[in-house]
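Residue numbers (the UniProt record's numbering), protein chains in the order written: chain R, 1 to 230; chain S, 1 to 230.
These are computed hints drawn from the structure, not numbers from a lab. Some hints could be false.
Identical chains share a label here; the pair holds if one copy fits it or two copies do between them.
[As the list claims (entries may be wrong)] Below are the DSS-like pairs computed for lysine-lysine, each with C-alpha atoms no more than 27 Å apart in a straight line: (1) K180 to K7; (2) K33 to K65; (3) K54 to K89; (4) K33 to K7; (5) K54 to K7; (6) K65 to K180; (7) K89 to K180; (8) K180 to K54; (9) K89 to K33; (10) K89 to K65.
Here the structure is a predicted model, which is why all the values come from computation and not from measurement.
There are 2 protein chains.
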Amino acid sequence: MAEHTIKAFDEEIDTLRGLIAEMGGRAEAAIEKAMLALQRHDRELAAQVVAEDKRIDAIEAEVEKLVIQIIALRAPMANDLRDVIAALKIVAVVERIGDYAKNIAKRVPIIAVNKRTLEPISLLPSMGQVAGEMVQDALNAFAARDPDLAVAVVERDTVVDDFYNSVFRTLVTYMVENPKTISECAHLLFVAKNIERIGDQATNVAEMVYYAATGNSLPERERGPSEIEE
Amino acid sequence: MAEHTIKAFDEEIDTLRGLIAEMGGRAEAAIEKAMLALQRHDRELAAQVVAEDKRIDAIEAEVEKLVIQIIALRAPMANDLRDVIAALKIVAVVERIGDYAKNIAKRVPIIAVNKRTLEPISLLPSMGQVAGEMVQDALNAFAARDPDLAVAVVERDTVVDDFYNSVFRTLVTYMVENPKTISECAHLLFVAKNIERIGDQATNVAEMVYYAATGNSLPERERGPSEIEE
Chain R
1 MAEHTIKAFD
11 EEIDTLRGLI
21 AEMGGRAEAA
31 IEKAMLALQR
41 HDRELAAQVV
51 AEDKRIDAIE
61 AEVEKLVIQI
71 IALRAPMAND
81 LRDVIAALKI
91 VAVVERIGDY
101 AKNIAKRVPI
111 IAVNKRTLEP
121 ISLLPSMGQV
131 AGEMVQDALN
141 AFAARDPDLA
151 VAVVERDTVV
161 DDFYNSVFRT
171 LVTYMVENPK
181 TISECAHLLF
191 VAKNIERIGD
201 QATNVAEMVY
211 YAATGNSLPE
221 RERGPSEIEE
Chain S
1 MAEHTIKAFD
11 EEIDTLRGLI
21 AEMGGRAEAA
31 IEKAMLALQR
41 HDRELAAQVV
51 AEDKRIDAIE
61 AEVEKLVIQI
71 IALRAPMAND
81 LRDVIAALKI
91 VAVVERIGDY
101 AKNIAKRVPI
111 IAVNKRTLEP
121 ISLLPSMGQV
131 AGEMVQDALN
141 AFAARDPDLA
151 VAVVERDTVV
161 DDFYNSVFRT
171 LVTYMVENPK
181 TISECAHLLF
191 VAKNIERIGD
201 QATNVAEMVY
211 YAATGNSLPE
221 RERGPSEIEE
C-alpha cells in the first residue's frame, strides 16, 4: 500500500477498534443495569436498558459498513483482511450480549408484577457480575491482543456454569414449595439462562482472540455443561 | 475482472451457495430429528443430532475460509462484496439454528429420565414443524433471491410466537398441578424457547434476503413478543 493509504487504513482500523470498545462498554453497562433493575423491581431502569440496546445494534451496523468500505477501498492483505473479518464476528457476538441483557430487562416488569420478593433472585446479581467481568476482560483481551487474558476468560466460564446449575436447582425446589410463584420463577429461569449465555459469548470472543494471537485453537471444551448437568 | 477471473469467481460463488444449501438442509434435518427424539424419548437419535452438529459448524468454518479467499483473490466490487459478506452472516445464523436443535437434543435424556409422558410435549412437534418450514423457506428465499417468500417467512413468525406463549402457559399450569414434574417441565420450557428462537433466526435470514433483493428494510417489528406476553 502507498504511505497515505497505509495511514488512512490505520485510521480506519482505529475507528473500528473505537466502535468495538464503545459497543463493549455499552453491553457491559446493559448487563449491570438489567441486574440492578431486576433486584430493585425498577421498571424505568429496565425500560432504559431496552431503549439503549438500539445504539448497540446501530454500532454493529456501522462496523459492518466500515468493514465493507475498508475492504473495498484498501484491499487489505491476508492478516489485515482476517483482522477486519474478525471485527465483524466480534461485533455480532457483542450484539448478542446486548440482546441477552435486553431480554433480562424485558422480564423485569413481568417478574415484579406481584411485588413478591422471590428469594432465588438474590443469587442472580453475583452471577451477572461474573458474566459482566468476563465480557469486559474478553474485550480487553481483544484490544490488547492478550492470549493469557483470553485463557483466563475461558476458564472463568465454569464459574458461571456452576452458578447456573445451582440457580436452576434452587428455582426448581422453590417452585415445588411455592407453586404460586411458578410463573415468575419460570421467567427467572430464563434470566439465569441469559446470564449463562452471556458467559458463553464472552468465551467465544476470548477463543477468537486466542486464535488470532497464537494461531492455535484452545482445547475443545463443551460450552454450557449446564445443558446437560442442570 | 478478466474473463477467466469472472469464471473462477462465479464458480466460487456457486460453491458458496452449495455449502449454504447443504448447511441449511442439515439444520432443517436436525430440527426434525430433535423433535422426533423428544417425542419418542429416543436417546440414540438425540445423540446423533448432537454429533451431526459438528458438520454444520465445519461448513460455517469452510464458508468463512472461502469468503476470505474470494475477497483476497478476486477483490469483488460493491454488490458482489456485499453478497459474500451476506453469506458470512447467513451461515452464522444457520449455525445458531443448528445449535438450538442440538440444545433440544441434549435435553432429551434429561426429560426422558422418568419415562413419564408429559402431556405438554404433544404441543411441541407442530411448533417445531412451523419453525422448520420457516428455516426451509428462508433459505429457499435466499437461493432464489425471492423477496415475497421472505415476507411470508417473516409473517409466519407470529404463528411460532403464539405457539410459544400457549406452550408457556400450558407448562406453567401443568407444573402447578403436577409439582413432581417441575424439573422436566423446566427443560421443556427451554425446548419451547429454542424453537421460538429458531423462528426468530429464520426471520433474520428472511429480512436479510428482503433487504438484499429490494434495498429496503421491512418495517420494524418486535422480535419475540413472547419476551413480554408469555
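Outcome of the hint check:
no. : hint        : result
1   : K180 to K7  : neither (64 Å within a copy, 66 Å between copies)
2   : K33 to K65  : neither (29 Å within a copy, 38 Å between copies)
3   : K54 to K89  : both (19 Å within a copy, 19 Å between copies)
4   : K33 to K7   : neither (39 Å within a copy, 53 Å between copies)
5   : K54 to K7   : neither (32 Å within a copy, 41 Å between copies)
6   : K65 to K180 : neither (50 Å within a copy, 53 Å between copies)
7   : K89 to K180 : neither (43 Å within a copy, 43 Å between copies)
8   : K180 to K54 : neither (35 Å within a copy, 42 Å between copies)
9   : K89 to K33  : within (25 Å within a copy, 29 Å between copies)
10  : K89 to K65  : both (14 Å within a copy, 13 Å between copies)
Against the hints set out earlier in the document, violations occur for numbers 1, 2, 4, 5, 6, 7 and 8.
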